[in-house]
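For the protein sequence lines, the chains are A and B, in the order given. Here our numbering is used: the first residue of the first sequence is 17, the next is one more, and so on. Here our numbering is used: the first residue of the second sequence is 28, the next is one more, and so on.
Simulated from the structure, these hints should not be mistaken for laboratory data. The model shown is predicted, which means the values in this text are computed figures rather than measured ones. It is possible that part of the hints are untrue.
As the list claims (entries may be wrong) - Label pairs and their in silico Cβ distance ranges:
hint	chain 1	residue 1	chain 2	residue 2	range
1	B	D109	A	A546	57 to 67 angstroms
2	A	E36	B	L29	41 to 51 angstroms
3	B	R99	A	T101	39 to 49 angstroms
4	A	G694	B	R45	16 to 26 angstroms
5	A	K85	B	D137	50 to 60 angstroms
6	A	A538	B	A44	58 to 68 angstroms
7	A	P592	B	V105	30 to 40 angstroms
8	A	S583	B	L35	23 to 33 angstroms
9	A	P637	B	D109	32 to 42 angstroms
For glycine and all other residues, C-beta sits at the position ideal for the given N, C-alpha and C.
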Amino acid sequence: MPDSTFVLGYATPLEAFAGERIQFHLSSDQVTSARAQVVRVRCGDPDPAGPGIQLVDVEALAPRDVALKHQPIQAGSCAVVPVGTALDGLAAFTLGAWIWPTTPGASRQTLMARWSAASGRGWELALDEEGCLEFIVCDGVRRASVRQAEPLRQREWRFVGASFEAASGRIAVFQRGLSSGQGVDSGDAFSSEVASQGPQGLLPSVDAAVPIRLAALPTDDTGRRTRQHFSGKIDSPFLLRGVHQAQALRALQGGEAWPLSGEAGEACVAVWDFADGIGGDGFADRGPLGLHGHLVNTPTRAVTGPHWSGRRHHWSQAPEEYGAIHFHDDDIDDCGWDATLSVDLPDDLPSGFYSLRLTAAGTGTLPGQQPRESHVGFFVSARPGRPTARIAFLAPTATFLAYSNSAMRLDLAGSEAMQEQLLVIGPDELYLQEHRELGTSTYDTHSDGSGVCHVSGARPILNMRPYGGGYYSMETRVLDWLDHTGLAYDVITDEMLHRHGLSLLQGYTCVVTGAHPEYHSAAMLDALEAFQQRGGRHLYLGGNGFYWRVGLRADKVSRLEIRRGMSGTRTWEGEPGENGLASTDEPSGLWRSSGRAPQRLVGVGFAAQVFDRGAGYRRLPDSFDPRAAFIFDGIGADEPIGWFGLRGGAAGHEVDRVEQRLGSPAHLLRVATADDLGSGALATPEEIAFGNRGVGGDLNAQVRADMVFFETAGGGAVFATGSIAWAMALSHAGYDNNVCRITGNVLRRFADPAPFDLPGSAPAAAGV
Amino acid sequence: MLTTDHQLPAHVRIDPARTDLALEFRRKRRGEYSLELQRLLYLMRWSGVGGRFVAFTLEPGRRWMLAELPGRRGVPLVLHRDQVFERLQEAEWRVFCIRWKALTGSSIDDLQGD
Chain A
17 MPDSTFVLGY
27 ATPLEAFAGE
37 RIQFHLSSDQ
47 VTSARAQVVR
57 VRCGDPDPAG
67 PGIQLVDVEA
77 LAPRDVALKH
87 QPIQAGSCAV
97 VPVGTALDGL
107 AAFTLGAWIW
117 PTTPGASRQT
127 LMARWSAASG
137 RGWELALDEE
147 GCLEFIVCDG
157 VRRASVRQAE
167 PLRQREWRFV
177 GASFEAASGR
187 IAVFQRGLSS
197 GQGVDSGDAF
207 SSEVASQGPQ
217 GLLPSVDAAV
227 PIRLAALPTD
237 DTGRRTRQHF
247 SGKIDSPFLL
257 RGVHQAQALR
267 ALQGGEAWPL
277 SGEAGEACVA
287 VWDFADGIGG
297 DGFADRGPLG
307 LHGHLVNTPT
317 RAVTGPHWSG
327 RRHHWSQAPE
337 EYGAIHFHDD
347 DIDDCGWDAT
357 LSVDLPDDLP
367 SGFYSLRLTA
377 AGTGTLPGQQ
387 PRESHVGFFV
397 SARPGRPTAR
407 IAFLAPTATF
417 LAYSNSAMRL
427 DLAGSEAMQE
437 QLLVIGPDEL
447 YLQEHRELGT
457 STYDTHSDGS
467 GVCHVSGARP
477 ILNMRPYGGG
487 YYSMETRVLD
497 WLDHTGLAYD
507 VITDEMLHRH
517 GLSLLQGYTC
527 VVTGAHPEYH
537 SAAMLDALEA
547 FQQRGGRHLY
557 LGGNGFYWRV
567 GLRADKVSRL
577 EIRRGMSGTR
587 TWEGEPGENG
597 LASTDEPSGL
607 WRSSGRAPQR
617 LVGVGFAAQV
627 FDRGAGYRRL
637 PDSFDPRAAF
647 IFDGIGADEP
657 IGWFGLRGGA
667 AGHEVDRVEQ
677 RLGSPAHLLR
687 VATADDLGSG
697 ALATPEEIAF
707 GNRGVGGDLN
717 AQVRADMVFF
727 ETAGGGAVFA
737 TGSIAWAMAL
747 SHAGYDNNVC
757 RITGNVLRRF
767 ADPAPFDLPG
777 SAPAAAGV
Chain B
28 MLTTDHQLPA
38 HVRIDPARTD
48 LALEFRRKRR
58 GEYSLELQRL
68 LYLMRWSGVG
78 GRFVAFTLEP
88 GRRWMLAELP
98 GRRGVPLVLH
108 RDQVFERLQE
118 AEWRVFCIRW
128 KALTGSSIDD
138 LQGD
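With the rest of the complex left out, here is chain B:
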């Protein structure tokens, strides 16, 4: 019997001043992240803090809409009709911002830098 826990480990703290990690995520392709960013992304994705989001395909390879998993079978997904993207990377960034806020209390929606 697998016993899998999706809680954040008790002593995890994300420093809101580490916006350099956010910039790294926004800048780099997948698979080339620093170990610190890999760790942060893993914690965000594993715990689902801020919401379990998916990209709903409107047009294959071309357009997606953010949707949220309800966490219960049989209940419809929540479609965020105002969140439509033409690049998956932008959808990823939007979700990253939502989770950063949930983890740190700080917003990086207007983060400047490359």
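In isolation and in its complexed conformation, chain A is listed as follows:
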């Protein structure tokens, strides 16, 4: 295996059109230069049982040497509030917030601070190494501090704060709890305050450029390096003039709407509203000075606060109950690396999967590592309205992002039991294990156990490039097959589809979706549905497709959000009330749970996982219907289909089935099925109402892969194979096999503009 981590990088934008400029942001702590060459990826899977790695140099872009430097990654989210001179002269103050710590005692974690690392001046409210509340004030020479002896408990809301008075030197911390469930504070909650005496006249004055920061402490005064990241939720942080007791701050504790009443209202300097601007990175100060702030590294918003009543489960229906932000010490959004190299893509560059290949002398240090070769994957999409072929392959870039840097096999203890084999990992996963600052996938959890909801393309993604494994490798097997057919095709991408909708698909006769197009926004599904209903042909070669509902940010590219809710095959479960997307104000979770099961779009939907074996298909009576004759041209009446490929069968990994009650069209032809998947093929949880022994393919007839065909309005049609493993069988025996034959039959007919006739209707007019 090559040393694929001696240099790492990411491309901005990740998905581009020909003629645009792409910047590559690179970092290496092992070499000071590398040779860079843009290549087109025909196949990125090194498995010797397949076509093997096939990369084609883009001759129009000459290779060049690039100078490299090490660029660190600052992981961990926080909030920043620039204050300038607004707080100058504040010699007595009280501050605090509601907090819900998730890992108290794991490390020292800053809650709120205004601290100059260079001068050692300022103040900090923190949970110390034992999870105890501590407040420190320092002027660079003299120091006052106070600490409560009892550690906070994890996943419990506490109203915490501190006060300081320079004249007297009095310093105190306090905390109060909720006395009952569902957010009601009856007034007799747990409450304690500890006070201490520090030096008199100590003023923690700092430079105007030093901001207030929540959930982290600055490492230096550049603003780019932080430490002591807090993991957990913070709600309604505040800053008041003067010294106040916790009991007097009822307006703040009770989640009162602004303007605040009583003592809190009179003394208010700043009260930050995290329910403001939930869809973005900004938040407002409701206080008199308007000290608004912004977030770093996309902590999770649209999360329940201390007063969540449970009467509403979506944040925009009760925003006042969703004024919390869940910070994580391993959040990452944009690495912020300097651009190392700019490449102007030629105007006539064909659409496709591309990579910046980086090579250098020397070898890696791990056993088995060969010459240094790393890749930075990116995609070139055809432009809307300017197709160069009848066929388009829709690259599932949303799914790639969802799986980006998956550490599932490293962290999820049940992975080996699920996959029913010794897990096989490569050098990239070894690297990821030690470098979690890269940010992991939406299949992973943060260090505090909460699910990863946000992923970004502005960071090195190890499994979205040649040699990187994962579903990227599988999809390049489809590209390889498309190249083999000799038919012209364009490549379009998920994010382009999201942004341009139907206009990106119009002009194509046939759209091919790959082995595993699992994640979709509403806009993407709308576009595919509209394409089908206007005479478009959709060839769906995969399984577990069109499964999860995601949001893409409108203000930033290559940012995906998912909430996994309470249903589906999933590796983590969202907290109650937190299934709403912050980015788009829509519910997340399964498309099935939104009334839009995959069967509605492609006739089949997720039925089961099977990792211990594969199976072939048998023809069903519908396969002899004249409407399906073109599919089985050259296939014998009793010929078993696809008993080869991944684990011995074209049906496997994840499989889909017909279900009319979930939307499979009534006129659909179920032409073949693979229903001999065995006891190791297990139904997905949403298919099982209550526990019973019939979860496996040996007892459960719903555990199967269905091959289907149906016509759509306007002369269109859909063909699906219901299996992820189908794509891995295409190249078997030098492409001389019945999986390849069937798929080729369908592709050629789907690329032919002659219309299909929707059964029961008048013959359709041609064209999309």
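We have chain A already, so just place chain B on it with the hints.
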């Protein structure tokens, strides 16, 4: 909030005399196991008794080295440099033997039979 426990159920006992299950594992391809062997493999893999092992690819499709997951993020995997295999099935067998010993106290490293 999913609450997933990777303990062995309290009353699980593996009979060390059932070496027939070990032989079955060594002999058969995946997906064709008896229910008893399926149960044993599930318990071994789910609980990770004896160690959470993976096969680290030295050469795709051709050579692998046993490695062990440390159970903590940020800590390197332990590479077992003396455990290199040219067939994944042999790596699987090695790990099976380690886990059998951890579960039963008995060694099957020298188990004879097809």
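A quick look at each hint next to the structure:
| no. | hint | verdict |
| --- | --- | --- |
| 1 | B:D109 to A:A546: 57 to 67 angstroms | holds (60 angstroms) |
| 2 | A:E36 to B:L29: 41 to 51 angstroms | holds (42 angstroms) |
| 3 | B:R99 to A:T101: 39 to 49 angstroms | holds (45 angstroms) |
| 4 | A:G694 to B:R45: 16 to 26 angstroms | holds (23 angstroms) |
| 5 | A:K85 to B:D137: 50 to 60 angstroms | holds (55 angstroms) |
| 6 | A:A538 to B:A44: 58 to 68 angstroms | holds (59 angstroms) |
| 7 | A:P592 to B:V105: 30 to 40 angstroms | holds (39 angstroms) |
| 8 | A:S583 to B:L35: 23 to 33 angstroms | holds (28 angstroms) |
| 9 | A:P637 to B:D109: 32 to 42 angstroms | violated (58 angstroms) |
Checked against the numbered hints above, the structure violates only hint 9.
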